[in-house]
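Asks: Heads up: the protein sequence lines correspond to chains A and B, in order.
Here the first sequence is numbered in the numbering used here, starting from 1 and rising by one per residue.
Here the second sequence is numbered in the numbering used here, starting from 247 and rising by one per residue.
Just so you know, the hints here were simulated from the structure itself, not pulled from any lab data.
Keep in mind that a hint or two might mislead.
[Claimed, not checked] These stretches of chain A come out as covered by chain B in the derived footprint (C-beta under 8 angstroms, 3 or more residues):
no.	segment
1	83-96
2	103-116
3	156-169
[Stated by the list, open to error] Pair ranges (Cβ atoms, derived):
no.	chain 1	residue 1	chain 2	residue 2	range
4	A	Ala-101	B	Met-315	54 to 64 angstroms
5	B	Ser-471	A	Ala-198	57 to 67 angstroms
6	A	Arg-128	B	Ala-258	36 to 46 angstroms
Positions of the beta carbon are idealized from the N, C-alpha and C atoms, including for glycine.
Protein chains: 2
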Amino acid sequence: MHAQPPSSTVSADHPFAEVQVLAFDIFGTVVDWHGSIVREMQALYPAVDASAFARAWRAGYQPAMARVMRGEQGWTLIDDLHRGILDDILPRFGLAHLTEAERQHLNRVWHRLDAWADSVEGLARLKRRFIITTLSNGNIGLLTRMSKRAGLPWDCVLSAEVFKAYKPSPETYLGVARVFDLPPRQVALVAAHHDDLAAARACGLRTAYIERPQEFGADHPKDVSPQPGNDMHCTSLTALADRLGC
Amino acid sequence: MHAQPPSSTVSADHPFAEVQVLAFDIFGTVVDWHGSIVREMQALYPAVDASAFARAWRAGYQPAMARVMRGEQGWTLIDDLHRGILDDILPRFGLAHLTEAERQHLNRVWHRLDAWADSVEGLARLKRRFIITTLSNGNIGLLTRMSKRAGLPWDCVLSAEVFKAYKPSPETYLGVARVFDLPPRQVALVAAHHDDLAAARACGLRTAYIERPQEFGADHPKDVSPQPGNDMHCTSLTALADRLGC
Chain A
1 MHAQPPSSTV SADHPFAEVQ VLAFDIFGTV VDWHGSIVRE MQALYPAVDA SAFARAWRAG
61 YQPAMARVMR GEQGWTLIDD LHRGILDDIL PRFGLAHLTE AERQHLNRVW HRLDAWADSV
121 EGLARLKRRF IITTLSNGNI GLLTRMSKRA GLPWDCVLSA EVFKAYKPSP ETYLGVARVF
181 DLPPRQVALV AAHHDDLAAA RACGLRTAYI ERPQEFGADH PKDVSPQPGN DMHCTSLTAL
241 ADRLGC
Chain B
247 MHAQPPSSTV SADHPFAEVQ VLAFDIFGTV VDWHGSIVRE MQALYPAVDA SAFARAWRAG
307 YQPAMARVMR GEQGWTLIDD LHRGILDDIL PRFGLAHLTE AERQHLNRVW HRLDAWADSV
367 EGLARLKRRF IITTLSNGNI GLLTRMSKRA GLPWDCVLSA EVFKAYKPSP ETYLGVARVF
427 DLPPRQVALV AAHHDDLAAA RACGLRTAYI ERPQEFGADH PKDVSPQPGN DMHCTSLTAL
487 ADRLGC
């Protein structure tokens with residue numbers, strides 16, 4: 001259970017040599033929100049274009065958070081933002097007739113997201129060397145239930161809910177460093193989104209980009225080419241563990 | 247990884263029949279603060295009465311939290327309260343000469359507390375059926391590092407730091423219910439302290455008392471006799487798992 005000293009595979013001048021905490025983005029990076037929603041929609045409502053439905057639901061997320069961050073709406077858990085977006089898009093997909101109970105059940109799909117195939121093994125290996133924590137805009141209850149179901153072995157569950165600010169607010173990235181009483185350079189963000197990583201980097205965190213080309217579905221491939229600025233660029237969480245000698 | 251349905255060993259009218267989340271007090275309930283501090287003090291400063299030192303350090307804890315809760319001091323992490331108390335008591339034990347580095351190291355003993363012998367197995371078994379979370383006045387960084395070292399398999403790490411209130415404030419107990427979007431009766435507090443359990447019960451939570459007769463050392467046995475009001479009274483976390491059919 002004791003933290004291991006850095007192995008010889010990470011040299012003293014590696015950007016992660018001093019890192020003690022890995023903070024993970026969740027939706028898209030560790031779990032496959034698109035595929036998970038598609039699978040549930042196809043089972044429940046086979047007439048609906050499940051892939052487009054999943055993307056429409058996710059597309060409402062940034063604007064909903066932006067309304068909260070502009071102060072147009074008080075602090076709101078992601079569960080409630082997801083529900084508002086769901087109610088908005090249901091008529092567009094011919095599902096305006098869903099009952100309250102059906103809507104509640106469907107909204108909870110975000111608690112039932114499946115991990116990418118490499119996530120459980122990658123996290124278990126990284127956990128041997130680092131403190132591994134979530135850093136997600138998802139609320140704590142959502143993250144905990146999802147992680148328990150998927151077997152994600154976090155040391156800690158941090159969320160926008162703890163900091164009362166959503167990513168990419170600096171309060172979230174610097175909040176992780178403060179929680180663990182570390183300078184920002186000893187914390188790294190692991191994410192499949194360059195904007196999230198850029199905001200973390202601006203706060204002094206280290207960064208690792210994870211390629212998730214199918215985040216939006218096989219029919220909507222995502223550009224996962226490297227961008228300058230990230231300390232690491234990996235194809236999976238197991239590849240990140242390989243590179244860090246875990 | 248999926249939550250199991252209640253087993254036949256807990257009947258429908260058992261007070262825990264509807265409980266989904268077990269929230270655990272930590273210091274004294276899951277980990278042995280007294281024995282852990284004694285072992286470190288005996289190794290570092292063998293001339294000191296380690297048992298009395300541990301009790302003096304712990305005795306400063308409630309008054310320090312009370313000053314914060316009365317508003318005489320801003321919100322303060324337990325790591326910092328521990329440090330203030332440490333600086334106060336060192337001269338009394340002939341340790342006024344300790345350097346800043348030695349004080350910092352000693353203060354971190356709270357991150358290195360050992361679990362009681364039954365805790366890891368008990369939690370692992372309870373985790374099969376329930377969401378298991380900390381609910382401690384200890385800060386998140388302390389709880390995470392301590393739990394990682396001791397192998398405590400939490401689903402979630404909740405702390406006074408999340409709610410900006412210390413137990414026994416109702417915000418903490420009701421905060422757990424709110425985080426998991428549950429009525430209070432579906433959350434139980436597990437603790438070795440009757441005052442903590444009484445405050446949780448007043449908020450509508452279920453309660454389980456755990457006997458820890460040696461919390462203050464073998465030379466200061468604690469009265470662990472049952473008190474009315476608690477839903478369960480057990481000798482250990484494995485006994486709690488037995489009684490709940492886990």
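Asks: Are the hints correct? Go through all of them and say.
Replies: Hint-by-hint comparison with the structure:
1. Beta-carbon proximity to chain B at under 8 angstroms applies to 0 residues in the segment 83-96 of chain A; the threshold of 3 is not reached and the given coverage is violated.
2. With 0 residues bearing a CB less than 8 angstroms from a CB of chain B, the segment 103-116 of chain A misses the requirement of three and the coverage assertion fails.
3. Using a Cβ-Cβ cut-off of 8 angstroms, 5 residues of the segment 156-169 of chain A lie near chain B, which meets the minimum of three, so the contact claim holds.
4. The given range of 54 to 64 angstroms is broken by Ala-101 of chain A and Met-315 of chain B, whose C-beta atoms sit roughly 41 angstroms from each other.
5. Range check, Ser-471 of chain B to Ala-198 of chain A: Cβ separation about 59 angstroms, and the 57 to 67 angstroms hint holds.
6. A hinted range of 36 to 46 angstroms for the beta carbons of Arg-128 of chain A and Ala-258 of chain B is consistent with their spacing of about 43 angstroms.
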